[in-house]
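S.K.: Position chain B relative to chain A; hints supplied.
Number of protein chains: 2
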Amino acid sequence: MFAVTILGNNSAIPTPDRHPTAQVISYNDQLMLVDCGEGTQMQLTKYKVRRSKIRHIFISHLHGDHYFGLIGLINSMSLLGRTEPLSLYAPPELEEILRLQLQCAATTLKFNLSFHALLPDKTGVLFREKDMEVSYFPTKHRIPCYGFSFSAQRRKRRVIPEQARAYDIPAAYYSQLQNGADYEQKSGQLVKNDWVTLPPAPGKRYVYCADSIYDEDLLPHLEGADLVYHEATYLHALVQRAQDRFHSTAVQAATLAQKAAAKRLLIGHFSSKYTELQPFLDESIPVFPNTELALEGTTYLIQ
Amino acid sequence: MFAVTILGNNSAIPTPDRHPTAQVISYNDQLMLVDCGEGTQMQLTKYKVRRSKIRHIFISHLHGDHYFGLIGLINSMSLLGRTEPLSLYAPPELEEILRLQLQCAATTLKFNLSFHALLPDKTGVLFREKDMEVSYFPTKHRIPCYGFSFSAQRRKRRVIPEQARAYDIPAAYYSQLQNGADYEQKSGQLVKNDWVTLPPAPGKRYVYCADSIYDEDLLPHLEGADLVYHEATYLHALVQRAQDRFHSTAVQAATLAQKAAAKRLLIGHFSSKYTELQPFLDESIPVFPNTELALEGTTYLIQ
Chain A
10 MFAVTILGNN SAIPTPDRHP TAQVISYNDQ LMLVDCGEGT QMQLTKYKVR
60 RSKIRHIFIS HLHGDHYFGL IGLINSMSLL GRTEPLSLYA PPELEEILRL
110 QLQCAATTLK FNLSFHALLP DKTGVLFREK DMEVSYFPTK HRIPCYGFSF
160 SAQRRKRRVI PEQARAYDIP AAYYSQLQNG ADYEQKSGQL VKNDWVTLPP
210 APGKRYVYCA DSIYDEDLLP HLEGADLVYH EATYLHALVQ RAQDRFHSTA
260 VQAATLAQKA AAKRLLIGHF SSKYTELQPF LDESIPVFPN TELALEGTTY
310 LIQ
Chain B
10 MFAVTILGNN SAIPTPDRHP TAQVISYNDQ LMLVDCGEGT QMQLTKYKVR
60 RSKIRHIFIS HLHGDHYFGL IGLINSMSLL GRTEPLSLYA PPELEEILRL
110 QLQCAATTLK FNLSFHALLP DKTGVLFREK DMEVSYFPTK HRIPCYGFSF
160 SAQRRKRRVI PEQARAYDIP AAYYSQLQNG ADYEQKSGQL VKNDWVTLPP
210 APGKRYVYCA DSIYDEDLLP HLEGADLVYH EATYLHALVQ RAQDRFHSTA
260 VQAATLAQKA AAKRLLIGHF SSKYTELQPF LDESIPVFPN TELALEGTTY
310 LIQ
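If you read the sequences in order, they're chains A and B.
To convert, count from 1 in the first sequence and add 9; that's the working numbering.
To convert, count from 1 in the second sequence and add 9; that's the working numbering.
Next comes chain A alone, as it looks inside the complex (with noise of 0.2 Å):
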């Protein structure tokens, strides 16, 4: 399974029901935490999602709304015990900050914490492991600002049943095909693993584009994604407010998922001054009809 869910979609000031930004990956046994608002460890018990299992942690900027219950959730971990190592990528200032917290409290976190910076004149991979790629971009915002894409590749080529049948290979070999084998006939005869297979088919990719001012230098990284997550702070109404605080609206993260022919739109990181969500939906749609608002508790599969 590939999916992320929502723990928080809130934009600065937390409302009584939504919360600051935090998203979970979940990719099969893997989880990988994106933003880190205050109180998401409380999310991440409300929603049962098990913090031992996060592996990865991503933090777009430095902003608080998007960083201020990390050093809550580490603190944690480490009094729950963890021993597995956890790596966080984040813009650099971020490690003194946490160094300073940790130090203050006399704690020795009792696993191995890796710091990645973010620096906007190394973009890129940030790692690849096993059938999972992330790499980040930067967008543009108020301070140093990153999203993030998760690339989910597909390593196993596609059987074709009627020539695997032309060449009498056991179905018990198909993995194996799979895999990229050639099969060796009784006759001796080698049939190439090409003559009976596709290429694997192509991978999913989620792109979170944390916070941006329109901006249409986002575009390359989100051709063709599955689902792109894009900040939707203001109501087109307020489109100058968006701009002069170097955030979006739903119209604009739905003129460049259309744009960038995503497949999916979530939008997200709303204003507390709105208390009714539909709105949003009702601005976006009729400019890319795939949208769907982030929905704190919700889970969207990324296919």
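No lab work stands behind these hints, which were simulated from the structure alone.
Careful: at least some of the hints might be erroneous.
Where chains are identical, the list cannot tell them apart; a pair therefore holds if satisfied intra-copy or between any two copies.
As a list, the in silico BS3-like pairs of lysine-lysine whose alpha-carbon atoms are at most 25 Å apart [what the hints assert, rightly or not]: (1) K282 x K62; (2) K119 x K282; (3) K139 x K62; (4) K272 x K149; (5) K282 x K57; (6) K149 x K282; (7) K57 x K272; (8) K201 x K282; (9) K139 x K149; (10) K201 x K165; (11) K195 x K131; (12) K165 x K272.
M.R.: Chain B only, in chain A's frame:
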């Protein structure tokens, strides 16, 4: 009114229905916040405490469950347009942590935040304002930690109506008598204030003991207090663990309250391992009958 409202009653790791430590002291129209664990700003909203009315914040120590919510609260206050100054009393290292976090976000607070460092060699009165005096004292914990004493003075003398009537003083003059004025009769004879009034009633005092191992050195600070808050992280079965971690049990909190002849005791900071709180009362009431559980959202009058 002089009262304390509990926003969080749990120790280190939040549970689904208990939050880390935070309390609001209300005295007349003024609010003061004591400790500020993660999620305090959400708890303030939930319990309809007006953030804008908070003018003083006290942080007992730099374990995260007592201050990780502070930067978020301060940030939100600024975003909401606060202009009134805010005083913060905390261990000195907190100033640099806040400074760094604000700097990384390129945030300039819209109000004046004045930082007052709590230092072990400089205990005593933090401020006096109208009838309220706040002082601090060290507790014994794993890192430097401080308790706070909130003392509401009564300034008005108590009129003795029979005496006042005997001197023909009109009731309309009583408020001046309360403020200490003498009265001149029509005959020109002076009635001294203390012939017709009694000194002000004794003040009321709330003492917050923060985190602490069982420590009889606290007794002078608790003596005769109208309400004492003392941590009770563990039940008696874990008294050794309490000792090892510089925490207390319910029985120990009750013992201190009893030895100090406090009037009432509030216990909190319960370990996440306990789902039921009644056993804390069951253990402390035999030692100090006037014990209550610190329950989130509940306001305790200090009277």
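S.K.: Hints first: check each against the structure and report whether it holds.
M.R.: Going through the hints against the structure:
| no. | hint | in the structure |
| --- | --- | --- |
| 1 | K282 x K62 | between (35 Å within a copy, 21 Å between copies) |
| 2 | K119 x K282 | between (41 Å within a copy, 20 Å between copies) |
| 3 | K139 x K62 | within (16 Å within a copy, 53 Å between copies) |
| 4 | K272 x K149 | within (23 Å within a copy, 59 Å between copies) |
| 5 | K282 x K57 | between (29 Å within a copy, 17 Å between copies) |
| 6 | K149 x K282 | within (23 Å within a copy, 45 Å between copies) |
| 7 | K57 x K272 | neither (29 Å within a copy, 42 Å between copies) |
| 8 | K201 x K282 | neither (62 Å within a copy, 60 Å between copies) |
| 9 | K139 x K149 | neither (31 Å within a copy, 50 Å between copies) |
| 10 | K201 x K165 | within (16 Å within a copy, 100 Å between copies) |
| 11 | K195 x K131 | neither (53 Å within a copy, 91 Å between copies) |
| 12 | K165 x K272 | within (23 Å within a copy, 73 Å between copies) |
Figure legend: structure checked against the earlier numbered hints; hints not met, in rising order: 7, 8, 9, 11.
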